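**Q** With these hints in hand, go ahead and build the complete structure from the sequences.
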Amino acid sequence: EDQVTQSPEALRLQEGESSSLNCSYTVSGLRGLFWYRQDPGKGPEFLFTLYSAGEEKEKERLKATLTKKESFLHITAPKPEDSATYLCAAHPGYSSASKIIFGSGTRLSIRP
Amino acid sequence: DVKVTQSSRYLVKRTGEKVFLECVQDMDHENMFWYRQDPGLGLRLIYFSYDVKMKEKGDIPEGYSVSREKKERFSLILESASTNQTSMYLCASSSTSGIDHYNEQFFGPGTRLTVL
Chain A
1 EDQVTQSPEA LRLQEGESSS LNCSYTVSGL RGLFWYRQDP GKGPEFLFTL
51 YSAGEEKEKE RLKATLTKKE SFLHITAPKP EDSATYLCAA HPGYSSASKI
101 IFGSGTRLSI RP
Chain B
1 DVKVTQSSRY LVKRTGEKVF LECVQDMDHE NMFWYRQDPG LGLRLIYFSY
51 DVKMKEKGDI PEGYSVSREK KERFSLILES ASTNQTSMYL CASSSTSGID
101 HYNEQFFGPG TRLTVL
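Chains as they are written, first to last, in the working numbering: chain A, 1 to 112; chain B, 1 to 116.
Source of the hints: derived by calculation from the structure; they are not laboratory data.
Some hints could be false.
[What the hints assert, rightly or not] Footprint (simulated), chain B over chain A, 3 or more residues, beta carbon under 8 Å:
hint: 1; region: 41-53
hint: 2; region: 101-107
[What the hints assert, rightly or not] Computed beta-carbon distance windows for the label pairs:
hint: 3; chain 1: A; residue 1: E81; chain 2: B; residue 2: P39; range: 17 to 27 Å
hint: 4; chain 1: B; residue 1: E79; chain 2: A; residue 2: S18; range: 41 to 51 Å
hint: 5; chain 1: B; residue 1: T86; chain 2: A; residue 2: E45; range: 17 to 27 Å
[Unchecked claim] Straight-line Cα separation of at most 20 Å, SDA-like style, residue types lysine to any residue; simulated pairs:
hint: 6; chain 1: A; residue 1: K99; chain 2: B; residue 2: S80
hint: 7; chain 1: B; residue 1: K57; chain 2: B; residue 2: M27
hint: 8; chain 1: B; residue 1: K70; chain 2: B; residue 2: M27
hint: 9; chain 1: A; residue 1: K69; chain 2: A; residue 2: G54
hint: 10; chain 1: A; residue 1: K42; chain 2: B; residue 2: P109
hint: 11; chain 1: A; residue 1: K42; chain 2: B; residue 2: G40
hint: 12; chain 1: B; residue 1: K57; chain 2: A; residue 2: E1
No experiment lies behind these values; they were computed from the predicted model shown.
Heads up, the beta-carbon is just placed ideally off N, CA and C, and yes, glycines get one too.
**A** What follows is the structure in structure tokens.
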């Protein structure tokens, strides 16, 4: 069964303390791996798409990487405004019309 | 700036009422989606549409229907609302570029529906 699992469920860091969030996937013929940020009471906001193993993308303090089994979201020297829930999602190769599978998210909290 | 809008941010309805949630996107996207999000269960797909008047069931379609009469608008209908449909409802849209190349989804702000 296709599945996307994120860990940890919650992560509390001190401002400036770098860390990584994990997204493990078992999906047939991955066509894309997506990362989103979601603030409380709002819809998810798109961050990155990764298509093939070895690919990396960066945006400010965030860097996403992809292997054949998992993706990491690295956060370097985070600030309190980086506090949010981070979701990853995978698009299976067999899926029609963009049906993607979401993980349950990692709640990230950055203390000043 | 890309935009997906939803008709209400908060909605309170009574059991048995018919409820309409509307979503509009201004990006000329082919694909539109309705999800519900519940604590501990993540995002679950209710229905999606890849063209006008076309729809496909997602993972949890029971108790819901959808309508897409125009490309930019996708409506979710709760025929007879029940308390277990209390949830955050999120609409999203995406484009298709090339054969089988589906792009990222853009989400609306969500509608928090409470059914009493």
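**Q** Hint by hint, say whether it matches the structure.
**A** Evaluated hints:
As drawn, the region 41-53 of chain A meets chain B at 7 residues by the rule of a beta-carbon pair under 8 Å; at three or more, the given contact holds. Given a C-beta distance limit of less than 8 Å, the hint that chain B covers the region 101-107 of chain A holds, as 4 residues qualify and 3 suffice. Checking the proposed 17 to 27 Å range against E81 of chain A and P39 of chain B shows it holds: the Cβ atoms sit about 23 Å from each other. Take E79 of chain B and S18 of chain A: their Cβ atoms lie about 50 Å apart, and the range 41 to 51 Å holds.
Under the hint 17 to 27 Å, the C-beta atoms of T86 of chain B and E45 of chain A, about 24 Å apart, fit the expected range. Straight-line distance between C-alpha atoms of K99 of chain A and S80 of chain B comes to about 26 Å, which puts the hinted pair past the 20 Å bound. Only pairs whose Cα atoms come within 20 Å are accepted, and K57 of chain B paired with M27 of chain B is rejected, the gap being roughly 23 Å. Proximity of K70 of chain B to M27 of chain B is assessed by CA-CA distance (about 13 Å); at most 20 Å being required, the pair is judged to hold.
About 11 Å separates the Cα atoms of K69 of chain A and G54 of chain A, which keeps this hinted pair within 20 Å; it holds. About 5 Å separates the Cα atoms of K42 of chain A and P109 of chain B, which keeps this hinted pair within 20 Å; it holds. Proposed proximity of K42 of chain A and G40 of chain B is supported: the alpha carbons are some 17 Å apart, at most 20 Å. The hinted pair formed by K57 of chain B and E1 of chain A meets the criterion: a straight-line CA distance of about 18 Å does not exceed 20 Å.
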